[in-house]
Amino acid sequence: MNAHRKDVIGRADGTVLEIRDLEVTFTTDAGQVPAVRGVGFDVAAGEVVAVVGESGSGKSVTARTILGLLAETAVARGAVVLKGNNMLTLGARELRAVRGDDVAMVFQEPSTALNPVYTVGWQIAEGIRAHGKVSRKEAKARAIEVLRKVGIPEPEKRVNHYPHQFSGGQKQRVIIAAALALNPALIVADEPTTALDVTVQAEILELLREVRDDFNTGIVLITHNMGVVADLADRVVVMYQGKIVESAPSSELFAAPREDYTKALLAAVPHLGRNSASAGMVSRSGQEKEVLVQATNLNITYPGRLGSPSFTAVDDVSLQICAGEVYGLVGESGSGKTTIGRAIAGLNKVSGGSLKVLGHEMLGFKERSFKKVRQDIGFVFQDPAASFNPQLSIGECVAEPLIVHRSLDARAARKRVDELLEAVQLPAAFAARFPHELSGGQRQRASLARALALDPKLLIADEPTSALDVSVQAKVLELFKELQAELGFAALFISHDLAVVDMLSTWVGVLYRGKLVEEGIGNQVMGDPQHPYTRRLIASLPVPDPVEQAIRREAFLKAV
Amino acid sequence: MVITTEPADEPSAPLSPITAPTKAGGSFARYLVTRFLLIFPTIFILVTLVFFLMRVTGDPITAALGGRLTPDQLAERIAAAGYDRPVLVQYLEYLGQVFTGNFGRTLSDNRAVSEVLTTYGSATAELAFNSLVIALLIGIPFGLVSAKLRDRWPDAILRVFAILCYATPVFFAGLLLKLIFGVWLGWLPIAGRAGINAELALTSLQNPSGIFLLDALRSGNMAAASDVIEHAVLPAVALGLLTAGVFLRLVRTNVIGTLGRDYVEAGRSRGVSEYRLLTKHAYRPALIPIITVMGLQIALLLGGAVLTETTFEWKGLGFMLAQYLTARDFVAVQGIVVLLAVIVAVTNFIVDIIAALIDPRVRF
Amino acid sequence: MGATTVTALGAKKPLWTRLPIISHYRMSAGLQRGMLVAGLVLSVVFVLAAALAPVLAPFGFAQISDADGQFPTQAAPGGKFIWGTTVGGFDVFSRTLWGAQTALLVIIIAVIASIFLGVFLGLVSGYLGGWLDRILVVLADAIYAFPSLLLAIVMSIVITGGQSDLWGGILAAAISITVVFIPQYFRVIRAETVRLKAEPFVESAKVVGASTWRIMFKHVFRNATRTLPLIFTLNASEALLTLAGLGFLGFGIEPTKAAEWGYDLNRALSDATSGIWWTGVFPGAAIVLTVLGLTLVGESMNDLADPRLRMRRKSRRRGGKATA
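Residue numbers (my numbering), protein chains in the order written: chain A, 113 to 672; chain B, 54 to 417; chain C, 82 to 405.
No wet-lab data here; the hints were simulated from the structure. Be aware that one or more of the hints could be misleading.
Each computed BS3-like pair below joins lysine-lysine, with the alpha-carbon atoms no more than 30 Å apart [claimed, not checked]: (1) K461/A with K287/C; (2) K249/A with K333/B; (3) K468/A with K338/C; (4) K401/A with K287/C; (5) K299/C with K483/A; (6) K338/C with K569/A; (7) K478/A with K161/C; (8) K484/A with K375/A; (9) K338/C with K461/A; (10) K299/C with K527/A; (11) K478/A with K278/C; (12) K483/A with K161/C; (13) K245/A with K368/B; (14) K527/A with K287/C; (15) K484/A with K287/C; (16) K161/C with K569/A; (17) K375/A with K355/A; (18) K333/B with K245/A; (19) K161/C with K468/A; (20) K299/C with K478/A; (21) K287/C with K587/A; (22) K401/A with K593/A; (23) K593/A with K287/C; (24) K627/A with K299/C; (25) K483/A with K287/C; (26) K527/A with K587/A; (27) K484/A with K338/C; (28) K161/C with K461/A; (29) K484/A with K299/C; (30) K627/A with K287/C; (31) K261/A with K333/B; (32) K478/A with K527/A; (33) K484/A with K569/A; (34) K569/A with K278/C; (35) K269/A with K201/B.
Just chain A, with the same shape it has in the complex:
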């Protein structure tokens, strides 16, 4: 993997970062909580070390410790040696001198990491001027230069623009430019592509690769996404509950993981092309059955405010879902996929065309006449934490559809709630718990139980697993699949993740800026995409296998 590097530096003299026996403890309401327990690894110049782990693994805390950016409630012990300085013992002034100059950081959320009231040039120049005497003019010239390096077109003009005038991907480029401004030896990138769409992610990963190659910068890449790791990392450190589970060169780790945790983690990652629900299928199934959802030239617009133009979220979409079928709807942010799901559930108004849900026309929607239809529709929301009333117990939440539609008495409802919880593999005792007492995966199971309470004919699942860790996601998806097979409900499965959609749905639709650009059997759409956008979407999705990903990347770069 290192062959392409201009100057390969031996580990002995090229090490820019050394972490030894790092322990970080937080003081919380519940007392002392260890976040990082005895972590140690090195990063060499021009090397990308990925630190992977699920939430709570301590990877982000480790990243922040490298820059000395810990919260006041945290205490760190051990050694984080960056170019000879132990970051844990430096005073405030020395820390400031090191930050930006020797080590820089790229943040997860590009939209919040830039100050909205200053121009991007001002923010880059400020970092330059914080290190040594540089004139305003010179700093700006250097800001233009780095903006050009990260591929911002017309940097002379763009340097005077404010963050909100850039797109999400461009903002992340600007942040990388700010990090590069003083040519640091090390860049810490904390989930740099998590907030971005997959096509933009591919571009940012490419940019980081160029940074490493051109400037010989060491990169610590914090991520939960195994595809990103496979794409960019030279070496991988797997963390779990504050400890390092396994550490190995990337190619080795993916090919032959040693530890059970790593194996399980890799097995849980959805891999495009494996595990397809439509494997072996050649024609759309179940078309003879009852048509549950029929959209014809569907149009949904959001009215503009005070004279500003309205926004068309869904543009001339026609699709149909038959009983028992799982329809997968894929698209990036702003594609209109969620809007369609919400319109089917009567949460969004339809502006044009026709949308028939269980025989009920949604154009000119009236809640009163639709209420009866609602008992045949279940809905699972994206954020399991927010989809339960924090003031009600899980049992009360799951029982709500029963109370509303069946007016069951408490005992009968209780019995049904127990059955439902059992069906989603939760202990019956959870009925008495409050939502905040459950983990994300457990909440999403309960959410599924609530959606299935009335044996609906149609289930709408809007990104049901994107807020979950991979291993939890795998279990929830498995459960979903089992329940669907057992109960035979039709489902609209909405996701940005092609691999997840392919795992669950037999028929897939691809949305792009409100239009349905492609539709077909899952394995055909994934294997032989027809529309250029679908091709780009699939090509930019990194797979969790460095060898395969390297081939895919070459193909992607050629295509672009």
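Please build the complex by placing chains B and C on the supplied structure of chain A, with the hints as guidance.
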């Protein structure tokens, strides 16, 4: 006095310091126009509200002169002033008059209300300006210090100071200031806007602005100027402290919000000093909601001015309002209240525009 | 208030620990706990003074003579009149105690009335939206931007035409203050309702087919009112300050019908010119300490409710910097 807009009242407000007036973007010109048009319903509602509320109790003449005239005389006066007509007719007439700047004549001393407004308005403006300066000088720097040193002892002291500032009614603060600096120490005068000599000299000027300090400086009367300043200190401090407490809390809450933002952490990761992070990165974005809420404090300031002016016999609109209230002269009261409503609406408009100008997301 | 309505079903913690003040106390630490406790002490003293005024006060609020004859006027503190007497011969100590009673009554009536009306209007307006919502918002905003003292004056003119007796005065003051505060509660609850309306848990109730009333009260109301204890304490202090302002301008309660701090301060103003401090300082200090107490409680509750403003016990001093 009353804290009308405490950031803490709206727990969601300080948590989202960036609430641009127009979230959807849109051009600045459009924002300007729509915001300007919003002034009118506000004024209209208040004029209507005040008119009908004041009229529920009966006609102003009975209220003012009820005991002193015979029923016949009273009826005559009421008919002459047109108060015997249907209320709706009177209301429409009043609206038309207000629109042309005619607020009627006072009953107790038979002056045009508009003349009262122009004569005493400048004194209130002077008081409001002085106290605003004091409030800003105290509120902003101490608010920044308090936010930065959050939950350490300087913050605790500043917070208690801020609460004390607004827990103390201005008339009690004024009473204490008068006692200490006027009576016991004898440093400063305790009533009025100027000594007799200075006041005579200043009111006999040609084309006076009504703002004594300006007039004194313009006419080169340094003795009068220093006299005016001495008189201005205590009322401005009393009213200024009240507002300073609110500003301090406002700055603190909003800056604490922005200090926790990613862009501050990003600045820190580039080696920017803590001082700059506070005064540039956290303060500037926080300023947008701060200014908006400060604009709403004009109501607090004007309400406080009524009490301050009464306490210090500072002959401004508030002082006159209290006088007319005692005299039950509701025509005058209504005129002053309506004028204050107009001032509040216009100030809020100006402040919102300033806030929008600071926010690049509205400008571009 | 909201926290107390949680069904105890399956809750791990005992109910009493989730009551507003107690739960806040248990969460607090360091300086924050100090501020909360100081505020609680001051508030309790205020309530006790109000409740026990008939027992504690040596004289009536309008009493100017006893068996020994007329009270002296403007007597300095000491002896029989521990805080002195006023120009009219009232005992300052007694009037300050009785004043607490008036203040407490007005606060309770005003805050309860404005909470009920404001919360109801905010909830309905925020949830249903439409033209009713738009009208109410414009109306509330207009009133909100207006000096509340002036509005209270106008209201008290409407209600009583000026001065009145104890209950008339208390009701008049309370209703005036209510009208002023309804827009504030309205704004807070409406904003919260609009926010909650977009929350997935409300939408999921909608998808389930729950009726509008069920959603409004079962889902939105319970969550929207969690900030009420905080608003309650803050507005209680505002109500007190408005009452004092009204009294100071002569729109309160007649001095022979009840004691009122603002009115006493008005009378004390001319005393101050001649160096008589005790007639003003005691009622003034009573206002300041009461408002300080209520505000400290409210502010602490606000900070503790927000995890980002909440202070945590630190393991050591300045634990943020690493010690290696």
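- Mind listing which of the numbered hints don't hold for this structure, in increasing order? 3, 6, 7, 8, 9, 12, 13, 16, 19, 24, 27, 28, 32, 35
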